[in-house]
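Trainee: Each of the two chains sits in its own frame; use the hints to bring them together as a complex.
Below are the chains, spelled out letter by letter.
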Amino acid sequence: MKHTGSHITLRHDLAALPFLVPFFAVFLVFIAYPIIYSLWLSVHQVTIFSDFYDTFGTMTYVGLENYARILTSVQFWWAVAATFIYAVLTIVPGIALSLFLALMLNRALMGFGLMRSGFFLPHVFDIYVVGIVWLLLYYPGSGLVSQFIATLGAAETARDGVLDNPYLTLPAITAAMVLKNAGFGMILFLVTLNNINPSIMEAADVDGAGKGQKLLYVTLPLLRPIILFLVVTGTVGAINAFAEIYAMTDDTGGVPVEMAGETVQSARTGGYHLFKTFDEGRYGEAAAVSFVFMLFALVISYVNFRLLRSSD
Amino acid sequence: MRHHLLFLLFPIIIIAAACADQRRTDSDVLQVWHPFNPEETALFRELVRDFEERWQEQNGQAITVSLQYVSFDDMYTKLRSAALAGITPDVVFMDVNQVIGLAFSDALLRLNELDGFRARYGSIEAAREEFYGQSFDVGVVNRLGEVDLYGLPVQVTTIALYWNRELFRQKGRELREAGLASGRAPRTWEEFEEYAAILTDPERRTHGYGAHGSLWFNLPFFNMYGAEFVEYDDLGRIHPVFDSGNARAALRRIQAIGTADFEAGAWRTGASPEGGFINNRIAMILTGPWMVESFANAGVDFDVSLIPAPSPEEIDQLGLQPADPDLVDRLGPLAYSSSNLGGQTGVIMRESTRADLGYEFLEFFTSEEIQRRWGSRLGQIPVRTAAWEELDTSRYPFMPVFIDQLRTARRVPPVPRYSTMDGEIFTPQILMLLQGRLGVEEFAGRMDRLMRDRMLDSINRAAEAQQERIAGR
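These protein sequence lines are chains X and L, in that order. If you read the first sequence in my numbering, its first letter stands for residue 310, the second for the next number, and so on. If you read the second sequence in my numbering, its first letter stands for residue 445, the second for the next number, and so on.
Bound conformation, chain L alone (with noise of 0.2 Å):
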């Protein structure tokens, strides 16, 4: 009988053993997230015995930096697991969207309130100077009213216009003939539609352009016409703004080239933009540089420009500045281009036992030395601005289109759920502006409906109950 008992409290001790507290008790090993490929993986361990081996040198102190690899898809679900198993890790790369989120439900560490930051750059302001200053901003959370620095940008991407040599010079005739020049890519919209229009051929089934669905993908658009989603009061309260002649205008140039002719039908159900301009069934499409070798493997003969910009009566009509000024004299009219924002940003977790190193390191991947090297390694634009020059491109042709595309993005909505925002409220709006069964005005309108009903209002209902809680402490 002694024997069954101990049989039966085996299986109890382990589970029990799995609960104990496993917080590490070794405050001279760093733990680090993150999603890197396994390209970026190898040269990010490079990096890690370089930094191990220098803070080895400046402190005599031998310090362990512990890699863990998180899918992007899975890194808020697992951080979350380990936040109430108390077992998250020091450093995280996480995606741009989810830092908000994470600010707002106290996860992250405010980074402006560490010694090393105070040191470094005494302000957010100064430290915002030396890096790429939209994806900087990305870590800048206003939360309750109080705005801190909670990441620093780790890595940084965007999109641009992609089109195909070969179907551009198979129409190179018909191009000419419109007073287009076939080895170049459109440069406004208007021109943009003309390209489209030629390059569209049902005999040969191909098609001028392919369009997204998802937010993400358009919020160049609404970036270009200077549309903005929200906006925070003095207590942190968010309003949604969206409804105005920008988005209207951002919208009507969405629905003019997703719903014409040439549009191949990309952001329909299953359908993909990439697939298409792979089997080079579409000419044009707005994508990120994660897809430049992917294309060449595939023996797409393409190009990358940078997006088309307004008219300059659309300019002048709506008083759209561009993002960089510094841009117009090199750039002329397409310095009021514009896209997205996309990356990772470096957090330090609440609960970490070592802020100090884990902050060293952040400051020490987003070094203008070590972002120098990624890049030219990597093909991957540095996040600090002093990197952008004498940056080794000859690998990467695309980069400098990709360095000037950046400089006219602008950053995402500063809203806590982007997936809801996104999946809930704006493409299903969108998707239906694209199938015919929703117009402009009525988009525009009911977006701010949508933001305030299924997010902002909840959102600011917590806030003030945050409030009022910290209040009566």
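Bound conformation, chain X alone (with noise of 0.2 Å):
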């Protein structure tokens, strides 16, 4: 029998073909069907007299409606800035919280293992808990935090609580986080700083480097590619940070704020407002908003991506 060298590849590709099924069959049902469908929820509206047995069935046609009113929405707009805040105070502080711990604990003293599990441990542990935790700290008064803070002299916000102050609610929750999240992104940075070949650090020696410079010129264009992570995955974290916010405002979405004339809550970020608005049984809005935000997240994460690029 002959075979020619394209019927062996498509009896290869057949062959391949029953092992690709699985996951085709969960990427239909679990990914490309919800993405579909909930395109398909965007462009309707359920109302509270649509039929409680068939929900979905009974929903009717709004074409662009939900785009537009989230769109003019001054609550919606909030829930973007507040994301926009909360990525910058989780981000920025996060890589270069990660990255001093890295440098610091990159070296073989005896202890050092030790510190590098305590400092990844909190990243191990449910959001919501430490979340809880976080709140026990803040608490008004007698948490160990604000203490501190009357320590400091500020009794009044001491008092009142930082997450009851408008302009600490998000600090005050991006904080927990960084410190939750610093030891993964420190274990990343150790990984690469340990694979940097030390001859090229010989060769920045050489060049009579000090050790700021090779902070600078050196060691960081290494760990760019990690930087790029941290970010990317930073944003898209940011986008749907909804757990610590639920735990950490005792799901208010923090303490309200005037914003053009409504009210909106400081910590109502895109995550938390996305849960709130499907909570609420407005289920093509919920989809029109997540739609939204998959679309600010791609440009996000396009721009990072060019702009740590770039400069390769």
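Keep in mind the hints are simulated off the structure, nothing from the lab. Careful, some of the hints might be misleading.
Restraint ranges, calculated between C-beta atoms of paired labels, are given here [stated by the list, open to error]:
no. : chain 1 : residue 1 : chain 2 : residue 2 : range
1   : L       : Ala830    : X       : Gln456    : 38 to 46 Å
2   : X       : Ile340    : L       : Ala830    : 55 to 63 Å
3   : X       : Val438    : L       : Ala830    : 31 to 39 Å
4   : L       : Arg917    : X       : Thr542    : 51 to 59 Å
5   : L       : Thr485    : X       : Val335    : 50 to 58 Å
6   : X       : Ile441    : L       : Ser738    : 17 to 25 Å
7   : L       : Leu528    : X       : Leu329    : 48 to 56 Å
8   : L       : Glu484    : X       : Thr460    : 29 to 37 Å
9   : X       : Leu453    : L       : Val473    : 50 to 58 Å
10  : X       : Tyr437    : L       : Ala830    : 22 to 30 Å
11  : L       : Gln502    : X       : Phe434    : 20 to 28 Å
12  : X       : Thr460    : L       : Ser510    : 53 to 61 Å
13  : L       : Ser738    : X       : Thr460    : 43 to 51 Å
14  : L       : Ala740    : X       : Thr460    : 33 to 41 Å
Simulated pairs of lysine to any residue, SDA-like, Cα-Cα distance not exceeding 25 Å [to be verified]:
no. : chain 1 : residue 1 : chain 2 : residue 2
15  : X       : Lys523    : X       : Pro534
16  : L       : Lys522    : X       : Leu616
17  : L       : Lys522    : X       : Phe457
18  : X       : Lys520    : X       : Pro402
19  : L       : Lys522    : X       : Asn549
20  : L       : Lys522    : X       : Phe551
21  : X       : Lys523    : X       : Ala512
22  : L       : Lys522    : X       : Pro402
23  : L       : Lys522    : X       : Thr369
24  : L       : Lys522    : X       : Trp349
25  : L       : Lys522    : X       : Asp560
26  : L       : Lys522    : X       : Ala512
27  : X       : Lys523    : X       : Pro402
28  : L       : Lys522    : X       : Ile340
Pulled from the structure, derived: some chain L residues nowhere near chain X, Cβ distances all over 10 Å [claimed, not checked]:
no. : residue
29  : Asn503
30  : Arg562
31  : Arg648
32  : Glu868
Heads up, the beta-carbon is just placed ideally off N, CA and C, and yes, glycines get one too.
Mentor: Okay, here's the thing in structure tokens:
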């Protein structure tokens, strides 16, 4: 029997098919279908009179009305702004702290292994549990953080609690998250630092570079892929931030503030806004919100990618 | 290769089996979802066994009541998932605030259309006479202009004033010097402010009062001052009516005691009035009977009294009326006190295959005899007023106070989206009021606008569309 090359390739491809089916089945059922269904949902409206037993079957088609409503909503744009603030306050200090810890612990000294584990441990804990612990630390008046703030002379802020100050709610939540997640970034940086070829540093030494120059011109550029990874995952994390907001604001979204004549909650980030919209049964609007945020995430990730790659 | 295909088919078969129609066909089983705690569940199981036995004796038919615990917070979500899969239970005991929303989305059976109900009561009004009226009204829903009964009250609760006897004793001399008794709670809000100020001691870090920030805990003030949130027109459309002199009077009271130096800041994020009360840091709080055991176990020396009432001048000025005029002789000015209403309502799901049995189960559970048993064993207030008589309260000394408080209470505002009303509209505004960033007048006006913009306009539009759809059929 004679086989041609194309026949063999086709047979190989066909043989691979059964092995691909499980993945495609899972992909179609759990990823592709929900995305397409969400898109369909975003152009429909569920009302309080929609049949409880056939909610999605009795929805009404509203075209782009859901998108128009959210794009003219003060609450939505505040959620976008709060997400941006959250992202800046978690990504920048988070990377800086992770890098600082990695540089400090990147040596083979006694006890450093234990410290690395210690810094990494909070990352393993459930985000809701961490949120509750920090809620106690921020407890008005008697919480550890409140007492510390009182010693600094800010008695009123200490008495009311930082979470009840509209300007401090988001920074307080992000500070907790930065400390929780710094260990993860530290591990990534440590792995990369350990993989830097010593000869590169030796060459820098020969060229007369000081410690600061080596860090700025040699180490940091080599760590850029990790920084890019942390920026992209941090951006997605900021857009999805929910459990920490839920836990640390008693499910209020934070202390209310005035914004363009409307009342908005100071820590109502995108993820929390999406949850509340969904929780109120506004499924079509919630789907539209998720698509707009997905668009933001794609654009921001692309810009990050281009910016960090263009300087290579 | 055939084995490979079988291996691939296996998960598909499993998924298909899971998605298959699981609707129960066994007509002798009544499925009941409830959110009762372990102590309540133990008694509930006893009662269910009694019901099964009685049913068999009376009808010669063996039945099974299958109980399923679903946590209070998850009830609505699980019910929604079950409805979409077509596997809802027959009977559900659900939070009073969820009944209207479910009635609007046509999830519940109209009890007044069942033969059992018609035979027993004849009309909704006649049935109301036998139950605690405010609690019964929760199940009476105006849906698109049609008023029907969608549920019976199965558990009722309210909040009253808890006061720390130890902190009152510690300040006994100062209280007496001010002409106040240290062995009782304040009866009017003016008196409350005097007590709270004396009970506040910065050196001991104690406060006279700890306020809650949510709508439910602030409803006693609005009920007491006769403020309404919404009203229904003949077509079933809902209109905001909050902005009134009564609502402003209630807001001024909330503001006065919530921003005073004697308030512990308990409404702030992360803080809790109950926590301060347990730690002997807060002398007076408003909370419900479910906290009695926790406070007693924590060794707090406390008592429970009726929530203070407005002053006689305020009563005259605003033309306030007591919820139960019969209380005036016995309680005097305290009859003008008021509180809120919580608890559970028993409903029958629309797709129930045993609505008749479900209704009989609800009747059994809410019967005078069972309610008296339930109340005496668990210290809970019966939903049928006849069961209030001869109730054994020996193990629950505060129960008579809670029953009196309940007589003064009023139902929660009949809005279909209570959680939106609370979390998105009321609570943010009240927090701003307590933080001093919003005035009473602004609050009152804003509430009507927000209720309209964020909730009622869309509901009314949907109601009109629904009515047009029905008319077109």
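Trainee: Could you run down the list of hints and mark each one as holding or not?
Mentor: Consistency of the hints with the structure:
{"no.": "1", "hint": "Ala830/L x Gln456/X: 38 to 46 Å", "result": "55 Å, violated"}
{"no.": "2", "hint": "Ile340/X x Ala830/L: 55 to 63 Å", "result": "59 Å, holds"}
{"no.": "3", "hint": "Val438/X x Ala830/L: 31 to 39 Å", "result": "48 Å, violated"}
{"no.": "4", "hint": "Arg917/L x Thr542/X: 51 to 59 Å", "result": "52 Å, holds"}
{"no.": "5", "hint": "Thr485/L x Val335/X: 50 to 58 Å", "result": "39 Å, violated"}
{"no.": "6", "hint": "Ile441/X x Ser738/L: 17 to 25 Å", "result": "19 Å, holds"}
{"no.": "7", "hint": "Leu528/L x Leu329/X: 48 to 56 Å", "result": "31 Å, violated"}
{"no.": "8", "hint": "Glu484/L x Thr460/X: 29 to 37 Å", "result": "47 Å, violated"}
{"no.": "9", "hint": "Leu453/X x Val473/L: 50 to 58 Å", "result": "54 Å, holds"}
{"no.": "10", "hint": "Tyr437/X x Ala830/L: 22 to 30 Å", "result": "46 Å, violated"}
{"no.": "11", "hint": "Gln502/L x Phe434/X: 20 to 28 Å", "result": "56 Å, violated"}
{"no.": "12", "hint": "Thr460/X x Ser510/L: 53 to 61 Å", "result": "59 Å, holds"}
{"no.": "13", "hint": "Ser738/L x Thr460/X: 43 to 51 Å", "result": "33 Å, violated"}
{"no.": "14", "hint": "Ala740/L x Thr460/X: 33 to 41 Å", "result": "37 Å, holds"}
{"no.": "15", "hint": "Lys523/X x Pro534/X", "result": "18 Å, holds"}
{"no.": "16", "hint": "Lys522/L x Leu616/X", "result": "46 Å, violated"}
{"no.": "17", "hint": "Lys522/L x Phe457/X", "result": "44 Å, violated"}
{"no.": "18", "hint": "Lys520/X x Pro402/X", "result": "22 Å, holds"}
{"no.": "19", "hint": "Lys522/L x Asn549/X", "result": "24 Å, holds"}
{"no.": "20", "hint": "Lys522/L x Phe551/X", "result": "21 Å, holds"}
{"no.": "21", "hint": "Lys523/X x Ala512/X", "result": "10 Å, holds"}
{"no.": "22", "hint": "Lys522/L x Pro402/X", "result": "40 Å, violated"}
{"no.": "23", "hint": "Lys522/L x Thr369/X", "result": "24 Å, holds"}
{"no.": "24", "hint": "Lys522/L x Trp349/X", "result": "24 Å, holds"}
{"no.": "25", "hint": "Lys522/L x Asp560/X", "result": "20 Å, holds"}
{"no.": "26", "hint": "Lys522/L x Ala512/X", "result": "64 Å, violated"}
{"no.": "27", "hint": "Lys523/X x Pro402/X", "result": "21 Å, holds"}
{"no.": "28", "hint": "Lys522/L x Ile340/X", "result": "23 Å, holds"}
{"no.": "29", "hint": "Asn503", "result": "29 Å, holds"}
{"no.": "30", "hint": "Arg562", "result": "25 Å, holds"}
{"no.": "31", "hint": "Arg648", "result": "14 Å, holds"}
{"no.": "32", "hint": "Glu868", "result": "7 Å, violated"}
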